[in-house]
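Engineer: Spelled out from the first residue to the last, the chains are:
2 protein chains.
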Amino acid sequence: MIKATPWLHPVLISLAVVALMFALFNFGNVKRRLIGRPLRTRELNQSHTKLVWGIALPILAADLYSSVAYGPEAGITELSKLGPSVKWMIIPITASTVLLLVILITSYIMGIIAYPTGGGAYAIAKDNFKGRWIALVAASALLIDYVLTVAVSVSSGIQTMASSYPVLVRHETSLSVLCVLIILFVNLRGVSESAKVFSAPTIFFMLSMLFVVGTGFVNEMHRGFVQQQTPPWGTVPQGLTLLLLLKAFSSACSSLTGIETISNAVPIFRESQAGAIKAYIALGIITGVTLLGFSYHLYVQGISVNPNNTMLSQLLLVYFGHGVIYQVIIWATLLVLILAANSTFTGFPQLSALVAGDGFLPRALVVRGDRLGYSNGMIVLAALSILLIEVFSAQTNALIPLYSIGVFLAFTIAQLGLTRRWMRVKGRGWKTKAIINSFGATVTAIVSIVVAVTKFTGGAWIVLVILPILVFLATRIRTHYNNVADALRMDIKHSPPLEHRVISVVLVSSVHEIVRQTVSFALSTTNDVVALYIGFDEESIKRMEEKWEQWGSPCRLITVKSEYRSLLTPLSRFIKKLENYEGGKPDHIQLLIGQFIPKRWWHQILHNQSSLLIRTWMLQHRDVVVTTLPFHLPK
Amino acid sequence: MIKATPWLHPVLISLAVVALMFALFNFGNVKRRLIGRPLRTRELNQSHTKLVWGIALPILAADLYSSVAYGPEAGITELSKLGPSVKWMIIPITASTVLLLVILITSYIMGIIAYPTGGGAYAIAKDNFKGRWIALVAASALLIDYVLTVAVSVSSGIQTMASSYPVLVRHETSLSVLCVLIILFVNLRGVSESAKVFSAPTIFFMLSMLFVVGTGFVNEMHRGFVQQQTPPWGTVPQGLTLLLLLKAFSSACSSLTGIETISNAVPIFRESQAGAIKAYIALGIITGVTLLGFSYHLYVQGISVNPNNTMLSQLLLVYFGHGVIYQVIIWATLLVLILAANSTFTGFPQLSALVAGDGFLPRALVVRGDRLGYSNGMIVLAALSILLIEVFSAQTNALIPLYSIGVFLAFTIAQLGLTRRWMRVKGRGWKTKAIINSFGATVTAIVSIVVAVTKFTGGAWIVLVILPILVFLATRIRTHYNNVADALRMDIKHSPPLEHRVISVVLVSSVHEIVRQTVSFALSTTNDVVALYIGFDEESIKRMEEKWEQWGSPCRLITVKSEYRSLLTPLSRFIKKLENYEGGKPDHIQLLIGQFIPKRWWHQILHNQSSLLIRTWMLQHRDVVVTTLPFHLPK
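The listed protein sequences correspond, in order, to chains A and B.
The first sequence begins at 15 in our numbering and counts up one residue at a time.
The second sequence begins at 15 in our numbering and counts up one residue at a time.
The list treats identical chains as one, so a pair stands whether inside a single copy or across any two.
Below, in silico cross-link-like pairs of lysine-lysine (DSS-like), each with a Cα-Cα straight-line distance of 25 Å or less:
| # | residue 1 | residue 2 |
| --- | --- | --- |
| 1 | K507 | K561 |
| 2 | K591 | K613 |
| 3 | K507 | K556 |
| 4 | K590 | K613 |
Source of the hints: derived by calculation from the structure; they are not laboratory data.
Note that the structure is a prediction, hence the values are computed from the model and not measured.
Kindly produce the complete structure, drawing on both the sequences and the hints.
Structural biologist: Structure (C-alpha cells):
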C-alpha cells in the first residue's frame, strides 16, 4: 500500500538533501565536525585508509549475505501453491543457486586475476569491446541496481522493524530517510572509519547463521536426518511447468545480487588482488554452506511458506523457541539488511568515478572529498535512493522485481569480456580460463533472459526502458566534453594574449561612497567608462543628473527610464546598443557593480540583491564581463 | 489532534515557496503567464486598477463579515454550561458586540477624515506619538493578526469541508497550502483582477445571511415573536460571575477582527476617502443587522449550543430543512471563510510597505511588483501563513485564542492617536470628534485588557511575547539602515574619484582559450597581473610551469600546491600575502575567473562550479573584486 504523500515532498526533500550536502561539503565548520579533518592526497595510498581482507569482507559482503535469509524462501514461494508435495524442491532450487554462485565467484576471480587493480564489469567490457555502449550498458545496469539496493534494503529493514513496533508505522519514510543519511555520513567520514562501525554486525550475523546451520545438524544427529515432519522426497508435483520452475529459480537468484561489490573495490584491500581473491573464496564458502545447510534444515523440518512468518523465523522457533536467541538473530537479520545498503556506498561511488573519469558522467563524480572518498558519488546515491524511498513511501515491494536483472546483465557482459581477453592475451592456462568464463557467460546470459521474461510484467520492463536512456545520456555527455575540449584547444606557440578593447559600464543608483569607489576603480582600469542610471520616473532621473554635475561628471552619465520598474530589461537593451558602439564593437563590455557587504550575513535580507540578480541574468544571457566591487561597512 | 508531520517538511515547503516565488518573480515567461503583462508605474493612479466602493466593500469586508456566522455562538458557548436559563443572554452579549462595532466604525471614520490618504493604526500612531515604539506595537500587532487570519480562515474552511467529505481528511494540510497559493497568485495579478474573482461569493454570502434574517422575521410574523420553544427572558442564571460574562463578551468580540482592513486600504477606492466612509457605513449596517437579527432568531427558536452542529446550521434546519437552500448557504459560509484570507492579502502588503518605507522592515517590501501590488509583502504573508499551517498541520484550534488581542491593541492605539490629533489640530467640531475617539479608546482599552486576561493562558501570552520581539527587531533594522546611510554619505563637492592601484590575479587551470581570453583581459586593463595555478600534486604543477613557459610567460605565474585538494584555502592564503605586497598594499585585488558558459543551461552540472564557489566565498570573506569573464562555446 502506497501512502498518500503530497507529490512535492519527495522531490523537495531530495533537492534539499543534495543542496544541504553540497553546502556542507563546500563550506563551514559543521562539515569538520561531521566528516573529520581533511586528509592529504598522499594519505590515499597509506595503509590506514585501506583494509585487511578480513575486515573488508563483511563490509563488502553485507549486500550478498543479507539475502541468504530470504533467497531459498523466495524460490520455493513461487511453487508453494502446488501443495506440500513440492517442499523437497527447495533443495535442488537452492543447490542450483549455489552452483550459480560458484560459477560467478570463479568467474569473478578470473576477472581479478586479469585486472589486478580492480574494476568490475565496466572496466572489463571497456577493455575488451570496441563499442563503448557495451561497457555503458554494464555500468548503467550496476548503477541502477546499487540505487535499488539502498532503497529496498533500508526500507524493508525499517518495514520489518515497524511490524514489530507498530508505533513506528507512520514514520517509516522518515526513518528510512534518516537511516540513509546516517549511512551517508558514516561513509563520508571515509572507508576505514565506516568499516569499524559496520563490520561487526555483519560478522555477528554470519556467525549467527552458521550457528543456526550447526544447530540444525546437531539436531539431526540426535533426532535423525529424516524426522517425523520431513516431507517425502522426489515426487514431481502435478502442475509443475518449466516456466514455473524457471520463475522459482530466478526468484531464488535474487539472493545473488551484490557479488560484484568485491571486484569493484579491489583498491580498498590492503593486500589488493590477493586480498580480494581470499575474500571471494571465503565469501563463497560461507554463503554456499549457509544456503545449502539452511535449505536442507528447512526441508527436514518440513517448514511451509507463510506470508506472516518468514521461514527463518519458523526454523528458529523450532530450534530455540520464543526466547532470547530467537530475538537476537531476528534483530541481527534486520540490522544486516540495513547494512547491505552500506556496501553499496563503496561500490556506487567507485564505479561512477570510473565512468566519469572516461567522460561519460559529470566530472564532479571523480573529485575526491576531504576524506578521500568520492563524496559526490555518495551524495548522489543517497539522494537518488531517498527519492525512491519518498516516492514509494518506503513501501518497496514494487521495487523488488526490478532488482536482479541489472546484475545478471552486467555479469554476462563481464564474462564475455573476460573470454575475449583470454583469447586475445593468452598466457598461462588461458584455455581453462576462457572455458570458465565462456561457460559463466552462457549461464548468466540464460539467467538474464529467464529473469527478464519471468519478471517482465512485474517491473523488469522499467529497467529495460531506463537502461538505454542512461546509455544514451552517457554518450551525449561524452560528446559534450569532447566538443568543449575542441573549442578550448589552442596552438600554444602561436596564440599569445592580445590587447583587448574594454568598455566599462558602472551601474549607479545615486552618488555615494560605493559609487565613488566603483567609478574610481573603473577609471583606473579602463579608458572608456560610462555610468548608467536606471530611474523609475522623470523626477528621480532629473535629480540624479543634477547630482552628477555637482560631483563634477567624472565620466559620461547615461540615464534610462524604466516604466516597468525593472532593471534587467533596460540594462540588456543598453548593452545591446553598446555592442554597436560608435568606435566599433568592443572586445569586452565590463559591467561594474558596487556591492554593499553588510557586517552580518543576515543583514543581507535588508538590502536589495539586485547585484546578484544582475549577475545571474548576465551570465545566463549575455557575453558581458561582470565585476563586483565589495564595499564593507567601516567598523 | 496534530498530525505527525516530519519536522523538516513545513520549513522546507515554506522555503521552497519563497524561493519559487522569488525565482518566478524575477525571471522568465512562466511569470508572464501566471501574473499577466507588467504594468507601467503611471498606470498606478489610473482608475482601472482602482475599485468603486461597492466592489471594494465585499473584498475588504470578507474578513469581518465571515465571522458573523460564529460570533454570537462563540460568546454564548462560554456560558452554556450554566444551563438553558442562560439562552436569552445571547441577545445582550451580541448587542454589546454591535455597540462596540458601532463605536469602532465611528472611530475609524474619524480616522479616515483625519487621514484622507488612508493609513490605519500605524500611520495614526506615527503621526501623533513621539515614541516610535507605539506605532510599531500597533503595526506588529496587526501584522501578526493578518498572518493568523490567513492561517486560521483557510484551515478552518478546509477543515469544515473535510468533515463533510472525509476523503479529504488526510490532505487537509496540502489543500490549505494549495488554497493559500491560489489566493496568492490571484493577488499577484493585481487588485482589480482579484476583485472580479473574489467579490461575488462574499456578496452572495451577505445576501444569504440577510435572507436568513428576513426569513426569520417572516416566520415570526406568522407564528408569533414568542413561540412555544422560546426560552424565558431575563432570569439571571445561577453561577454567573463577572469573569464568565467578560469571557463570553471577549469571545463574541472575536467576530470584530478585520474592521481595520478598510482604513488601511483607502488608496484602492476609486472615490478614495468618500468611498471608504461609504463602505464603512454600509458594512456597519449590514453587519449590525445581521448580528442582531441572527441572534434574535436564535433566541426565539431556542437554539442550543452543540459542538457537532453550528447554531447557524441548526437555525437553517428549522427554517429550510435539509434541502438545497441549507446546502447552498453552508457552502457559501465555507467559501467566505476562505476568502476572508484574501482581504488580508490587501491589508498586510499595504501595511508592511508603509512600515518598510520608514525603514523598520526590509526595503524589498516597498518595491511594487510588475502588476503594481506589493508582491514581496504578499509572498511573505503567504510563506508565513503556510509555515503556520504546516506546523499546526491545518489543525488551528490552538491559534484562535491568539487572534483578537492584536486587533484591539491596535484599535486602542489608533483611537488614542486620533484623540491627541484632535486636541492638537482642532478644526470644525473637534471636541465631538475628540470625545468620540477618547471614548472609543477607553472602550477598546478595556476590551484589550479583558481579552488579554481571559485568554491569557489560552494562547494570548504568545502574542504578548512575540510583540516586543518584533518591535525590537524593527528598531534594530532602522538603526542598521541609518548606519549604512551614514557610512555611504560623502561630501559630493570634495570627494572626486581617485586613481586606484589594482593588482589582478588570474586563476588558471591549464593553458587554453579561456585562459588566453582572461589573461588578455587582465593585461589590457591592469598593469600588475599575476597568474595563479593551484595544483594537487607536484607533477601537475611541473607540467603547468612548462606549458606556461612554452606559451611565452605573458605574465608572472605563481604555483601553489594544495595537499587537501581544496581551492579556497590556498587562494585565501595567497590573497592575504598580496595584501602585504612588495610595492605596498594595493587599493584593490582583482580576482579574474574565466567562466565556461555551456550552450544549454543543464550542461552546467557537467562542469565544475568552482567559479560560483569562489565568488560566494570571496564575497562572504574578503575585500576582493571578483571579475567573471564568460566564455561561450562557439556555435
